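With chain L held as given, fit chains B, C and D onto it using these hints.
Protein chains in written order, with numbering that gives the first Met the number 0: chain L, 0 to 373; chain B, 0 to 373; chain C, 0 to 373; chain D, 0 to 373.
There may be inaccurate statements among the hints.
The list cannot tell twin chains apart, which means a pair is met if one copy fits it or any two copies do.
[To be verified] Quick list of in silico lysine-lysine cross-link-like pairs, DSS-like style, CA-CA up to 30 Å:
#1 Lys280 <-> Lys248
#2 Lys168 <-> Lys255
#3 Lys50 <-> Lys137
#4 Lys295 <-> Lys223
#5 Lys90 <-> Lys65
#6 Lys223 <-> Lys249
#7 Lys50 <-> Lys135
#8 Lys161 <-> Lys50
#9 Lys221 <-> Lys280
#10 Lys277 <-> Lys188
#11 Lys295 <-> Lys46
#12 Lys248 <-> Lys223
Calculated from the structure, these hints are not laboratory results. Everything numeric in this text was worked out from a predicted model, so none of it was measured.
Number of protein chains: 4
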Amino acid sequence: MFKVGIIGATGYVGCELLRILINHPSVEVTAISSISFEGEEFSSIYKSFYKMTDLICKNKSDVIEKCEVIFTALPHGLSEDIANECLAANKICIDLGADFRLTREDEYKQWYGKEFFHKELHSKSIYGLPELNRDKIKTCKIIANPGCYPTSIELGLLPLLKNGLIDGKNIICDSKSGVTGAGRGLSQKTHAAQLNGDFAPYAVGSHRHIPEIEEILGTIAKEKINVTFTPHLLPINRGIISTIYTTPKKELMSYKFNSNIDISQKISSDKITYKEIKSDKIDLEEIYKLYCETYKNEPFTHVLPIGETASIKNVAFTNNCHISLHLNHRCDGIIVVSAIDNMIKGAAGQAIQNMNIILGINETEGLNFIAPAF
Amino acid sequence: MFKVGIIGATGYVGCELLRILINHPSVEVTAISSISFEGEEFSSIYKSFYKMTDLICKNKSDVIEKCEVIFTALPHGLSEDIANECLAANKICIDLGADFRLTREDEYKQWYGKEFFHKELHSKSIYGLPELNRDKIKTCKIIANPGCYPTSIELGLLPLLKNGLIDGKNIICDSKSGVTGAGRGLSQKTHAAQLNGDFAPYAVGSHRHIPEIEEILGTIAKEKINVTFTPHLLPINRGIISTIYTTPKKELMSYKFNSNIDISQKISSDKITYKEIKSDKIDLEEIYKLYCETYKNEPFTHVLPIGETASIKNVAFTNNCHISLHLNHRCDGIIVVSAIDNMIKGAAGQAIQNMNIILGINETEGLNFIAPAF
Amino acid sequence: MFKVGIIGATGYVGCELLRILINHPSVEVTAISSISFEGEEFSSIYKSFYKMTDLICKNKSDVIEKCEVIFTALPHGLSEDIANECLAANKICIDLGADFRLTREDEYKQWYGKEFFHKELHSKSIYGLPELNRDKIKTCKIIANPGCYPTSIELGLLPLLKNGLIDGKNIICDSKSGVTGAGRGLSQKTHAAQLNGDFAPYAVGSHRHIPEIEEILGTIAKEKINVTFTPHLLPINRGIISTIYTTPKKELMSYKFNSNIDISQKISSDKITYKEIKSDKIDLEEIYKLYCETYKNEPFTHVLPIGETASIKNVAFTNNCHISLHLNHRCDGIIVVSAIDNMIKGAAGQAIQNMNIILGINETEGLNFIAPAF
Amino acid sequence: MFKVGIIGATGYVGCELLRILINHPSVEVTAISSISFEGEEFSSIYKSFYKMTDLICKNKSDVIEKCEVIFTALPHGLSEDIANECLAANKICIDLGADFRLTREDEYKQWYGKEFFHKELHSKSIYGLPELNRDKIKTCKIIANPGCYPTSIELGLLPLLKNGLIDGKNIICDSKSGVTGAGRGLSQKTHAAQLNGDFAPYAVGSHRHIPEIEEILGTIAKEKINVTFTPHLLPINRGIISTIYTTPKKELMSYKFNSNIDISQKISSDKITYKEIKSDKIDLEEIYKLYCETYKNEPFTHVLPIGETASIKNVAFTNNCHISLHLNHRCDGIIVVSAIDNMIKGAAGQAIQNMNIILGINETEGLNFIAPAF
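The shape of chain L in the complex, shown without the other chains (with noise of 0.2 Å):
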């Protein structure tokens, strides 16, 4: 059994690490910290670990002496001490707070208006998206989990990116988030009066995810990528909808996937004719096709049938995501849904399949979540 703890564990984020954590098979957690409830028993605070666990919230320290895994779930600007000191000690940090998420300091500075502390650190880092860069995380030992939409993104348009298929500057991210994004602090947005019956966007063109989502996808398409990302809350507790509009290159139009991939999943609407997959410029099973291949030894990122549309139910409570791809008659475009649970694969869940993947078992232990239909 490895070791593992928890910095900042009374937190959302951190409180769902120890929900999944207990129950891993692999894993012992060993200690938890928390600034606010330091001294209390966990079950105290959240009531659903009643009987479930006897962990009491100590400081950081402890964390960090006891642990091989330390999770820091904190907010910005407080994890590059601790990474520092688990990399001193030789342990591996995994960081679910935005502090190595930027590799570029200038745009670090901009969004979160703090300097990188420890410089040195950063080139050390990676970028926790299995489906990007599970090589690099097997060997390393501060991990940056990516943010919850842009995971979502991320995910949504990593195969047309990567092949060059759509126009870099013209990418348009409406996503929505349940309200667990905004963590556990109170405020009158969250005051389930008002929220209950609610819906609108916030923080139009000025969300801190947008720099993060530009540099990986940049990184993907080795071109500089400008998005326009408008998140909204829902009034429901989980869950990511990323609705995706894309605007195809030349190169698109002429697109055969080069290979002979066996399509197993058939079109699964009737009501969707062959001409509705076809435009003059778009073969919509092409693409199917490709990201059919990209994720085909992907144990979480799944790929619906043509004529299905992703939904936040049906990935709620897993690590799960799922991608549906529509083509766009009117304008000739292709739109990707990309749905997530933003506490798991957005979250913790990632945090813990990262983990995984660094202790050489298998990645989806612990994670084998199946989503409530109801």
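Leaving out everything else, chains B, C and D in the frame of chain L:
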């Protein structure tokens, strides 16, 4: 007191019409009809009307005979005959279905699978969006009440398109609607256990509101318009948010609103700086002035101060439309957010607004609702 | 137009008062106050009022000076002084807090931890439940507007207790309320992510509405009453259901309602048989007649036909109370279900009803809402 | 690996069984059946199972033939025949319907309108509430899995009734359930637009769980029991809270729990004082000790510390039952609050718990869920 009636009173739209009309000071609901519930008391079907009305569902002839204004809230294809009868009897027919929304029969055939039964009626009807057609509505006997999604999108884009400021081939409308939009019929999709906690797009690229949106936007812009329209189903009862992404034409680069309009509404949030409302191509303040000027006499359509964001909560249960304007720095675009209550401004309320216009009474009569804050 | 004002306008109750009063045909809201938001436009705090009012929050003196009727919507202990000032200026004070609800100072001390500051005022105030005290309300200058839970329970039990038909020591009130009852303040309990999907009782056996319920029921019954009262928090915004379990006194065995009242409302469901409304001890039809007779002239309190069940949906957003009666065969008891909107009949609406009574205008003026069916 | 199967896999209970069993470490789901969807992939009906299973719905014979343990999740009246076949083939049948819950045929006829088809089977089946019947379950071939409401109520009352401490003729169970309890079928009642924001009791005094509750409570108490049972429909998906009002027998006045049990769980809230847990008749601490002792070895049924209140959130998505105890000072009663997930401890989870017991494996295997805190 004008005598009014509802054909199809027991569907969701019919029910909402009745709820508002009962308290309208200048009309009396004289007769209602329902095929499914003919002969039954309305209050036995919708218990919230217990002791509030003693109306009994009769048949459509009864409504046409007794009333001066007839609202039809029926599945498409059933209103043309009724409108014909109304016209013959010199009565007013306000149709909340799709029968008169499209002027081109070929489009109607393609999207609704039917022909126009009474071709001559279609030139006599008018699309009942008061912000666009108020003068024509005043003297018209057949009103095609707009669809819910189209209302939100057309009001959101009218000032930009009328002034030729955006590219009519590159408009993306990402719309989200409450579940009442699906009507009273039963399906797994609207089963509470399925919808709770869920969110997803549907009918991607194939929703019947597309031709209506394109025709009306084309009329406004005086050019052919193509929209990418993606509806989503929200796990709430009421309201539509359309997040609309537009690309400026070159003309917008140096656009100055030609007036000394006084912007009494200041930029509302101190987080928004001057820098953030100007880009190389766009001066958001000028756009804002244009919207304010366009809608300055509108009783229901309100432009929010720069820095505010439209939300469903603030228009739910009202006939209001809230519009907010946002500059997309990253990609030099304008994002318009438009919010309405799909059942009121998107259906019953707008129909009654049209009635008020035709009857020559105060346009806000019976419709002066303020959205409950919770 | 009568001049009215609200002290404490930016809390939930104050906001709801304003929403209703703005559209009241016989009054003008002349001034409002708020300690937290003094000097700010009301519509900048509650955006749903954008363009619907230009009222600015002032201080309480401004309200008392300018208005004839003053509504106080404040934490307990803050209204006595204001009521005193109002009385001195010969103005009407309608208090939506708890300051005047209990007549016994010892009970007030025990449950609210404070003394009466102006003892002489308490004999001059009246408990503003119109169904109980309409005549006294007409000539009173200080109204103690009832609590939300007490309103639902008192209306549910009034006919039985007034006629001495049930055991006053064995009344169980299992009540459930929407989250607006908790007010605008922030807490983990009302965090949307906590409340979504949750339901639980709270303050079991210790809620401050207990002495109010017991006093008013005791006044009705002319004997000492003990209630078991358990409030629960519903994951919805509005509404209270009280499910009330009563045990008949022996007198009920042969109770015959002494009248030839015509029950125009028939037993509504064909599932309910004659057998099911009679037991050895109880004839539910007689009880039903008694309720109908008691409330026959009440504009807002409605007794549902036997076989129907009161629900929150059918009274939400209205000043109505729905009461349904059920026979408990197994244990020979009567179950009364009473439903109101906690913010309207349970607070703002009832306060305005009291105002209408005092001002001598139609009791339903400004309050003729029908519950939206969805 | 034991081979297990589900007959009626596409209803809500069947779907939940499958979701849990797929991840159960000691069993393999070998076959499933569905009348409505025979021949279809399970994952095409419930999309959350996409890529998580390739099971195809077959017919019931296929399940009986291939499996050692057969779960039946069917409308009442359809399981007897299957149980008969299973018994003949020496297989285990765990029935999640009502066919074997009542031992008296006359009661079954009265409430379900049918006779026992295989009378001899009923003496061979056992009511599968492990807390009551664990030893008998171990060797039984036909399990009557308890109803959801009965589970919550029986666990809440077992310690009090077993020890003869409360009046068996005066038990009031006010229960509230999420909408999954109504199953997958469609009705206006479960239409999302109807249920959102609503709450109401239903089937007052006439719910089919009444005879089940009374029989089992009677078996526990060794006397005839009458309950007043009122179910309510919550606008959430999962969970049941039963708020149970009991009246002490004289014996309770001087009740002392006959043991030196160490209460490791202290009184949790400092708001609760010693005074509040003692009345003339009742010492709540003694009752609490009794509950702790009764359930001390139970893996899923947990007694909360005095001062805590059971809630749905803390047991949702788990097989746990939370019980909290409250003293009703006003009326000298004990209020028991019992919370479960209606689909897990109230259905699928308890069935699998029974399977674990019969198979002789760890009782918590596959069921060690912690409730998500949000």
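Now the hints, each set against the structure:
Within a single copy, lysine 280 and lysine 248 get their C-alpha atoms as close as 9 Å, and across copies as close as 24 Å, so both meet the 30 Å cut-off. For a Cα distance limit of 30 Å, the shortest separation of lysine 168 from lysine 255 qualifies both inside one copy, at 23 Å, and across copies, at 27 Å. In this assembly of identical chains, the alpha carbons of lysine 50 and lysine 137 lie at most 30 Å apart only when taken from different copies (25 Å versus 35 Å within one copy). For the identical chains of this complex, lysine 295 and lysine 223 are intra-copy neighbours only, at 27 Å inside a copy versus 42 Å across copies, given an alpha-carbon limit of 30 Å.
In this assembly of identical chains, the alpha carbons of lysine 90 and lysine 65 lie at most 30 Å apart only when taken from the same copy (10 Å versus 49 Å across copies). For the identical chains of this complex, lysine 223 and lysine 249 are neighbours both inside a copy (18 Å) and across copies (23 Å), given an alpha-carbon limit of 30 Å. Within a single copy, lysine 50 and lysine 135 get their C-alpha atoms only as close as 39 Å, which misses the 30 Å cut-off; across copies the closest is 27 Å, which meets it. Proximity of lysine 161 and lysine 50 under a CA criterion of 30 Å is satisfied inter-copy only: 25 Å between copies versus 48 Å inside one chain copy.
For a Cα distance limit of 30 Å, the shortest separation of lysine 221 from lysine 280 qualifies both inside one copy, at 23 Å, and across copies, at 27 Å. In this assembly of identical chains, the alpha carbons of lysine 277 and lysine 188 lie at most 30 Å apart only when taken from different copies (28 Å versus 43 Å within one copy). In the homo-oligomer, the alpha carbons of lysine 295 and lysine 46 lie at most 30 Å apart only across protomers (19 Å), although the nearest pairing inside one protomer, at 40 Å, exceeds that limit. Proximity of lysine 248 to lysine 223 under the C-alpha cut-off of 30 Å is found in both arrangements, the shortest distances being 15 Å within a copy and 23 Å between copies.
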